[in-house]
Amino acid sequence: MDQIEVIQVENISKAFGPTKALTKVSLDVCKGEIRGLIGENGSGKSTLASIIAGNLQADDGEMFLFGEAFSPANSLEASKSGISMIVQEQGTINTISVAANIFAGREDDYVSWGIINSKKINHDAQELLNNLDLGYIKAEMIVSTLSFEDRKLVEIARAFYKLPELFIVDETTTALPQKGRNILYKLIDQLKQSNKSVLFISHDIEELIQVCDNVTILRDGQVITTLQGNEMEPHRMKSLMVGREIIDNFYRMNEDSKPKSEEAILSVNKVNQGILKDVCFDLKEGEILGIAGLSDCGMHELGKIIFGLIKPDSGSVRVRNGKKITNSQVAIQEKLGFMSKNRDKEAILLSLSIKENIVLPCLDLLKKIGFFITPRSEKKLAKTWCDKLSVKMRSVDQACSELSGGNKQKIVFCKWLGNESEILILDCPTRGIDVGVKEAIYRIMEELKAQGKSIIMISEELPEILGMSDRIITFKNGEVTHTFTRSSQLQEAEVIQYMI
Amino acid sequence: MEELNTLQENEKSRNMFKNSKQVLKDVSGKIIPFLGLLVLVVFFNTITKGNLLSAKNLTLIFNQGYALFLASAAAVFVMSTGNLDFSMGAIAGFACACATLAAKAIAPWVSIPVAILVGCLLGMINGFAITVLRLPTFIACLCMMFILMAGTQSLIAGSSIMMPISMMMWEVDVIKIVLAVVYFALMLLLFNYTKIGKQLKSLGVSIEAARQSGINVKKMHFLAYTLTGAASGLAGFFLMLRTGGAATTTGQTLTTDVIMAIVFGGMSISGGASSKVSAALLGTLVVSVLNNGMILAGYGGTTQQLVKGFLFLVIIAVSLKRDKDTIIK
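Protein sequences appear in the order of chains V and L.
Our numbering puts the first residue of the first sequence at 1, with every later residue one more than the last.
Our numbering puts the first residue of the second sequence at 1001, with every later residue one more than the last.
Honestly, I wouldn't trust all of these hints.
[Said to hold, decoys possible] Below 25 Å or equal to it, Euclidean Cα-Cα: the simulated DSS-like pairs (lysine-lysine) are:
#1 Lys-260/V - Lys-383/V
#2 Lys-270/V - Lys-1030/L
#3 Lys-1195/L - Lys-270/V
#4 Lys-304/V - Lys-1049/L
#5 Lys-1195/L - Lys-335/V
#6 Lys-345/V - Lys-1104/L
#7 Lys-345/V - Lys-1049/L
#8 Lys-323/V - Lys-1030/L
#9 Lys-1219/L - Lys-380/V
#10 Lys-379/V - Lys-1049/L
#11 Lys-1218/L - Lys-311/V
#12 Lys-368/V - Lys-1030/L
#13 Lys-335/V - Lys-1218/L
#14 Lys-1218/L - Lys-367/V
#15 Lys-304/V - Lys-1030/L
#16 Lys-323/V - Lys-345/V
#17 Lys-1049/L - Lys-367/V
#18 Lys-323/V - Lys-260/V
#19 Lys-345/V - Lys-1195/L
#20 Lys-379/V - Lys-1195/L
#21 Lys-1195/L - Lys-367/V
#22 Lys-1195/L - Lys-368/V
#23 Lys-388/V - Lys-367/V
#24 Lys-335/V - Lys-1030/L
#25 Lys-1218/L - Lys-383/V
#26 Lys-311/V - Lys-1219/L
#27 Lys-324/V - Lys-1030/L
If you are wondering where the hints come from, they were derived from the structure by calculation, not from laboratory data.
Small disclaimer: the values here were computed from a predicted structure and weren't measured.
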């Protein structure tokens, strides 16, 4: 390994509203180096990666690429300079072909007389796929026909069209089963052979030790240290990652996993729909039930089925009194509430005011003489709940589009609490939320549990599943694979094996 | 803790900045329609040498814009969902023809329930096509329009039919004013103080988010189209009173005038947050003054169309831009 730095990051800081994601972070990656990056959720790993890849701009600090000042305005600029990144979330366009995805934004090379030469695109794409040992994916296939895993691999192929100088892998492996992972490891090895560099972000300590040369540890947006080669050892890495007061009570402290009563307040009976097969489970009163799985395992659809938004092919969802949930109106009458994973498009009406959003599912409660709804009662309801959950706002008439992610999420809670919901289905409740607010969300959940309300938490983040749930149900390819009970002994690795 | 306080301070000052910008935006959204009306009134009053605001002409504007007002106030409900009802004019024309025939054949008073019921029924058919048959709203209403135009023509057989002469006595300004006030109050009540308006408005922002808040999407769409249908029928009745009968051209310009009125009144054509019943009142005034002023000023039919088309384009461009600002996707 020669000592030429590919990228030098100097004193980078970045804040999202009141939360500091990164504070004076410095990091150098040398040619041919595979650098790991690890830290708790919200420690700033992805933020740092996004800044290097041009998806975010730093508030302060400098970067140098091969010794020259480097400040990409967007990801396209970064990728032209040889930096490409693949992310955890899905980044393919599903309605077009594999080849079109791989060459999206680079079609100019294939245009003759104003017409795109799709034959040549397909040919080149296939060649690229073959070179990457992905020959079983055909260039002409429409992406939506591929599995989630293969889509991820298409993304990787896209990143390898031109061998990147620096390849950033942002927690991609959690979405990939072993086969896909192996392909990725092999590609990373290829890059190393060609003296290119990799920045590898993962939750999985064992994986990092296996793949990386060195590992940098982030905590609370600061670089704690970089461990070289054989200094990397699981126990040491863990204690460096954790080791601060807030961690101890970030999630729920108590180990008590007893629900308020053993009685099922909601039961899912043999639900079949799409990928979901014979899903059965009960939700007990006053319990937090965690549902864990990969993002395409069907658990997000399950959330919608429970709330009556998707009609199952067979099976049913019933509440305690035996009533079947057939649509969202029935669900709301039976005091269910649903927090969509897609907050800005489905859970919140962005251009409407805070008040209008909160009141919407509660209108029946506000009716006087059978139909009349006074502005005063609307305002009172909205204000009561916003105050209780300390939403940061000017007034309840403020448009929701102006709120931060965490505050929007609080509005969703207000909406359902305003309707006196007894059962809350939370689909990725802390998705895209700053660390500080995450904690607030966990405190709200704890408080609701204490009040005897029941929660189903669907999440792709294992630490919060482990930290918050009384019981955990794991899903794999649409089927329930295991049920865990709350325990401080429970390890992520143990749960993961039932998911992949 | 101290750090948190300063952060909150920062947030506060940023919010204050946002606040002033927001106020400006709110005010501009509310003032522009008034300003537009004022400019129109001053302009036409000047070039017609004060004729526009003469007592006689004001009564004329009131009577000419009456049906438009009734139709627009109901159209707010459909338009707040981000949809348009293109069949309103055709429904008004058809209901007008039915009412005239009923008045002649049975008794004058029958024309009132006939007009409203025919409109209501046609609106329900629109709603059925859209919610049960799942036709795109635009197509459903357009088809309804073509079918009704043919229907009106075959009902009338010729170019026009007359209502019974005795009904001329029915057009009394005082009654019409009282009715307009009651009607407006009813629409305000429905839109601002009941579930109906709030739910329709949320549909205009995002259908999926509305569904997840427990709104029966189909039922609400059905209701909205039934309402515009019934209101179009009522408008048809007043068009009959105004013109003394029904003609194949009755209601022809109503649809476009309604859409124009609502947008001129300060509501976004895509519905949602800016939806309000007052837009119908204000917009009707603008369109009526425009129609009347251009006739007074002696503009030919072609020029009138041209001016309206151009103004419509401008106002859509302006209002869409303002919307993009508020919806951050």
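Going down the list of hints, with the structure as the test:
Straight-line distance between C-alpha atoms of Lys-260/V and Lys-383/V comes to about 30 Å, which puts the hinted pair past the 25 Å bound. A threshold of 25 Å between alpha carbons decides the hint, and for Lys-270/V with Lys-1030/L the separation of about 54 Å lies outside it, so the pair is violated. The straight-line distance between the Cα atoms of Lys-1195/L and Lys-270/V is roughly 36 Å, outside the 25 Å bound, and the hint therefore fails. For the hint pairing Lys-304/V with Lys-1049/L, the CA-to-CA distance comes to about 65 Å; that exceeds 25 Å, so the pair is violated.
Taking the CA atoms of Lys-1195/L and Lys-335/V, the gap is near 19 Å; set against the 25 Å cutoff, the hint holds. With a C-alpha separation of about 54 Å, the suggested pair Lys-345/V and Lys-1104/L falls outside the 25 Å cut-off, and the hint is violated. Distance restraint check for Lys-345/V and Lys-1049/L: the Cα-Cα separation of roughly 53 Å exceeds the 25 Å cut-off, and the hinted pair is therefore not satisfied. Under the criterion of a C-alpha separation no larger than 25 Å, the hint pairing Lys-323/V with Lys-1030/L is inconsistent with the structure, at around 47 Å.
Proximity of Lys-1219/L to Lys-380/V is assessed by CA-CA distance (about 28 Å); at most 25 Å being required, the pair is judged violated. Between Lys-379/V and Lys-1049/L, the direct Cα distance comes to roughly 50 Å. Violation of the 25 Å bound is thereby established for this hinted pair. Restraint check for Lys-1218/L and Lys-311/V: satisfied, since their Cα atoms lie roughly 16 Å apart, inside the 25 Å limit. Of the pairs offered as hints, the one joining Lys-368/V and Lys-1030/L is violated, with about 30 Å between alpha carbons and a cut-off of 25 Å exceeded.
Note on Lys-335/V and Lys-1218/L: the hinted pairing holds, with a Cα-Cα distance of about 22 Å set against a maximum of 25 Å. Only pairs whose Cα atoms come within 25 Å are accepted, and Lys-1218/L paired with Lys-367/V is accepted, the gap being roughly 22 Å. Pair hint Lys-304/V plus Lys-1030/L does not hold up; C-alpha atoms about 39 Å apart against a cutoff of 25 Å. Only pairs whose Cα atoms come within 25 Å are accepted, and Lys-323/V paired with Lys-345/V is rejected, the gap being roughly 29 Å.
Distance hint between Lys-1049/L and Lys-367/V is unfulfilled; the C-alpha atoms sit about 53 Å from each other, more than 25 Å. Note on Lys-323/V and Lys-260/V: the hinted pairing holds, with a Cα-Cα distance of about 22 Å set against a maximum of 25 Å. Our distance criterion of 25 Å between C-alpha atoms is met by Lys-345/V and Lys-1195/L, whose separation comes to about 22 Å. Of the pairs offered as hints, the one joining Lys-379/V and Lys-1195/L holds, with about 15 Å between alpha carbons and a cut-off of 25 Å not exceeded.
The hinted pair formed by Lys-1195/L and Lys-367/V meets the criterion: a straight-line CA distance of about 8 Å does not exceed 25 Å. Of the pairs offered as hints, the one joining Lys-1195/L and Lys-368/V holds, with about 11 Å between alpha carbons and a cut-off of 25 Å not exceeded. With a C-alpha separation of about 23 Å, the suggested pair Lys-388/V and Lys-367/V falls inside the 25 Å cut-off, and the hint holds. Only pairs whose Cα atoms come within 25 Å are accepted, and Lys-335/V paired with Lys-1030/L is rejected, the gap being roughly 38 Å.
Using a Cα cut-off of 25 Å, the hinted pair Lys-1218/L and Lys-383/V is violated, with the two alpha carbons roughly 31 Å apart. Simply put, Lys-311/V and Lys-1219/L have alpha-carbon atoms about 18 Å apart, close enough for the 25 Å limit, and the pair holds. Distance check on the hinted pair: Lys-324/V and Lys-1030/L sit about 46 Å apart at the alpha-carbon level, beyond 25 Å; violated.
Checked against the numbered hints above, the structure violates hints 1, 2, 3, 4, 6, 7, 8, 9, 10, 12, 15, 16, 17, 24, 25 and 27; every other hint is satisfied.
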